[in-house]
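With chain A's structure known, arrange chain B on it following the hints.
Each chain, written out:
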Amino acid sequence: MNISETARAYLSEPGADGMSLYQHLYRTFLYLAENNFSDPYASFETASQEVKASYGLSKSGGSFGELSDEKIEAFIKKCELLALQPTPTIPETLPLLKQEKVITELIDTFSLARSVGKGLMNEEVLSLTLSMKKFVRFHDVNQVRFVGKIFTSINPYYILEVKPKEQGEAFEKPAPIKPGETKPPVPKEDPGIGCNKFVYYVSTELTGEWIKLPHTTPQLIQAARGYLSFFTGELEKNLSPSFPGLEKDFLRAQLSRIVHATTVCPSDSLIEVEIEEEEEEDEDEEKITDPDYEQNPDFEGFEIPEGFDDPETMNDEDGPMVNITHARMEILPQGRCFFYATKYKEPDEDEEEEEDVIEPEEEEPEEGKEIFTPCSQDEGIKGDPAWCMRVCQSQSTSSPVVVTSNLWNGAFAVVHGSNTLNCYIGWGQKAQKVAFCPAPLPAMTKMTWLPSEEKDPTVREEQDYEDALRERAEKEIDSEEEEEED
Amino acid sequence: MIHDLELLETYGCVLSPEHKAALRLSLPILRDSYHLVDVKFWGKISGLYKDYFIVEGKTKNSEKQAFYSHNCMDWVMMPQFSEVNAQNAKMIDVPFRGDPSYIYPGPKPEPEPKPEKEEGEEEEEEEEEEDEDKPNPNDVTEAVRLAYVFSLISYDNDIVPRGALIKDLVSDIVRQNPTYNGLPLEKCKDLGYYFHNREKTSTASSAQTQLDAAVEFMDSLVLDDALTSSWNLNYDSVRNCIYIVNLKWPGFVFSNVVNSSVYLGCYFGDGLANRDLAFMI
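These protein sequence lines are chains A and B, in that order. For the first sequence, this note's numbering assigns the number 55 to the initial residue and increments by one for each residue that follows. For the second sequence, this note's numbering assigns the number 12 to the initial residue and increments by one for each residue that follows.
The hints are simulated quantities; they were obtained by calculation from the structure and are not laboratory data. Computed from a prediction, not measured in an experiment: that's the story for all the values here. All C-beta atoms in this analysis are idealised placements derived from N, C-alpha and C, irrespective of residue type, glycine included. Careful, some of the hints might be misleading.
Unchecked claim - Not close to chain A: a few residues of chain B, all C-beta gaps over 12 Å, as computed:
#1 Glu17
#2 Glu67
#3 Lys75
#4 Met84
#5 Pro118
#6 Lys119
#7 Asn149
#8 Arg209
#9 Val226
#10 Asp230
#11 Gly280
As the list claims (entries may be wrong) - In silico DSS-like pairs for lysine-lysine, Cα to Cα no more than 30 Å straight-line:
#12 Lys291/A <-> Lys131/A
#13 Lys101/B <-> Lys436/A
#14 Lys61/B <-> Lys487/A
#15 Lys131/A <-> Lys200/B
#16 Lys436/A <-> Lys119/B
#17 Lys259/B <-> Lys484/A
For reference, chain A alone in the conformation it holds in the complex (with noise of 0.2 Å):
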């Protein structure tokens, strides 16, 4: 064949629709042609789009993607919530519950956050209004909170932290121990103390299904202070070693860090709730109580201090931050906001003292920042300021205020007047002051038994062996059937 030829023959094999380019060129050309464009050059993909899509014979399905049944669950689930109607899920309406103002009222805080260049997408917050609200219906709870949300390499997780009506029996304390005795490890705090003050809930779809998150132990604290990883979505994922724990306990121990370092409020916003002491005190007892607060109603707003985009005066103690104080207590390097001295029982004078006994040394407890110091005393990385404090330029005296933390990527306040927001949208992790260097393995345990060597039996030894068990086997059926037979 000639040149032409072989050209024509290969402008007309046929392609994946059936189609070839040979006769889509000369329906385009036609088209141009029927259309009288004023430019056919310039509109030659255009037209030759309208005519490939007029064959009908496109594959791209449907604008909306493809749903897996998850999904499709998932989407039923937010429809619900938007309805609102009563339905078998979601209980017949109730009366307005106080929890649920503060649901409603965070579609206004997060729109004040971002007129300061914080927040989520508008739609989300939604959704995430009619989740808490759903949650608030179905657990008896004295306060919720939308604590932020965290990035993961799949779902986000989404927290509340909530204040449940019953909090949980205490646990156990560790008897007292003796002189020579090892120390046992120090205890978690009780339900309704320190880091355990508060329950979290986590949600990756936000279709009004949560999540409790268990209670935090100080060991557990301690760890993730020396573990650095992104979060992969999975709350019960087996992390590496050298966290002994799972996924849940390390966000766990996360957000108890991140809640007690980050959780701010202006000074004198809030006030402790007097609560009515009973009576009968056991004085054996050593109680922990640990103080609720709640706004209080004499504060004046908080007015926007000066200074705040200069070096010099971020810094100070008696900087722009000196009336922004942090609401939560700190977390001691024990792992607790109270301290924990581990009691010794001392020796009774029957028992014969023994003169190895080493006498226990006297713990000095650790102290940590009081509720309420200002935050300008935090020290940052390197000399840097821990908080950076920004407004909106064109709102002057009415700004709202957002203070975010440099130590942790992502949290943040937004005051305005006397409502606070504190918010965390990150990916959960500290920034570290120097290069990161993970913990050691725990060292190799000792093996208790050496595995003894053997000698392999032989090729004979094991045909032996197998016919000696073929002959017990067949003389077994061989009285099997005598035994019948009989």
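Quick look at chain B alone, frame taken from chain A:
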């Protein structure tokens, strides 16, 4: 393009209404005064005391020119930086301060070997004083550091989906593909269909489809070393788009809407690379 930025808000990349309005007003003025073909919002690098908003413009010669501003109204051209500047800026690992004229002190340069002189010591003292007054060439101003960090982040994070840019094989000019209508869902979720918009550095190709030289002239994201540039791709079924996040530069988010030509990436971060990435993934 600014209203498309709402897609990224789910990752906390929020522009306040004040800044959006300022951008809408100032970007057309910037485009006209510098005779740029197109200006796009690149992102925000936050500092301790002030933030930098950065836009990137394209000139008629297809060169890129970046500008920074504190308030999205007054734009300053980003300075050029030299090799020496780049080496010194690489060593700085503290956050940005927000003051473009702040100087990060660099190591003192080694004194040049002086020719032996027969005259007295006075001349040597004078020369020493002069050396102290001379500006240290290893000092880096924050504006130069900003330019350097901007170039690093852009080099790593300028992503385009496959087919969005097309290369004229005769003249080697790269331009937007007018017939690009987006990727279908399966291809959208495949990291191999996203490319770096920069000079090709590797010879391997990644897409499973036929090699199309007009479209496959860039490095795919899949070919990046997992320890130095880690990507995380998520599909969001509610908004029908995918999000690609760079774990080496936390704060960079890229979004591509399925079956639509809308795609954009922005950086909202502190300008510091995640040097502990290898331990975290």
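Verification of the supplied hints:
Remark: the non-interface label on Glu17/B conflicts with the geometry, its nearest Cβ contact in chain A lying 7 Å away (cut-off 12 Å). Distance to chain A confirms Glu67/B as a non-interface residue, since its nearest Cβ pair spans about 20 Å, more than 12 Å. For Lys75/B, the condition that its CB be more than 12 Å from all CB atoms of chain A holds, with the nearest at approximately 26 Å. With 12 Å as the threshold on Cβ separation, the claim that Met84/B sits away from chain A is violated: the shortest Cβ distance comes to roughly 10 Å.
Against chain A, the non-interface label of Pro118/B holds: every CB pair exceeds 12 Å, the least being about 18 Å. Lys119/B, annotated as away from the interface, keeps every beta carbon of chain A farther than 12 Å; the closest lies near 21 Å. The claim that Asn149/B lies off the interface holds: its Cβ sits roughly 20 Å from the closest Cβ of chain A, which is beyond the 12 Å cut-off. The claim that Arg209/B lies off the interface holds: its Cβ sits roughly 26 Å from the closest Cβ of chain A, which is beyond the 12 Å cut-off.
Val226/B, annotated as away from the interface, keeps every beta carbon of chain A farther than 12 Å; the closest lies near 14 Å. With a closest Cβ-Cβ approach of about 23 Å to chain A, Asp230/B is found to remain outside the 12 Å limit, as its non-interface label requires. Its closest Cβ contact with chain A, about 8 Å, brings Gly280/B to no more than 12 Å, contrary to its assignment away from the interface. About 26 Å separates the Cα atoms of Lys291/A and Lys131/A, which keeps this hinted pair within 30 Å; it holds.
Of the supplied pair hints, the one linking Lys101/B and Lys436/A holds, its CA atoms being roughly 18 Å apart against a limit of 30 Å. Of the supplied pair hints, the one linking Lys61/B and Lys487/A holds, its CA atoms being roughly 22 Å apart against a limit of 30 Å. Restraint check: the Cα-Cα separation between Lys131/A and Lys200/B comes to about 25 Å, which is no more than 30 Å; the hinted pair holds. Using a Cα cut-off of 30 Å, the hinted pair Lys436/A and Lys119/B holds, with the two alpha carbons roughly 22 Å apart.
Distance hint between Lys259/B and Lys484/A is fulfilled; the C-alpha atoms sit about 15 Å from each other, no more than 30 Å.
In summary, the structure is inconsistent with hints 1, 4 and 11 from the numbered list given earlier, while agreeing with the others.
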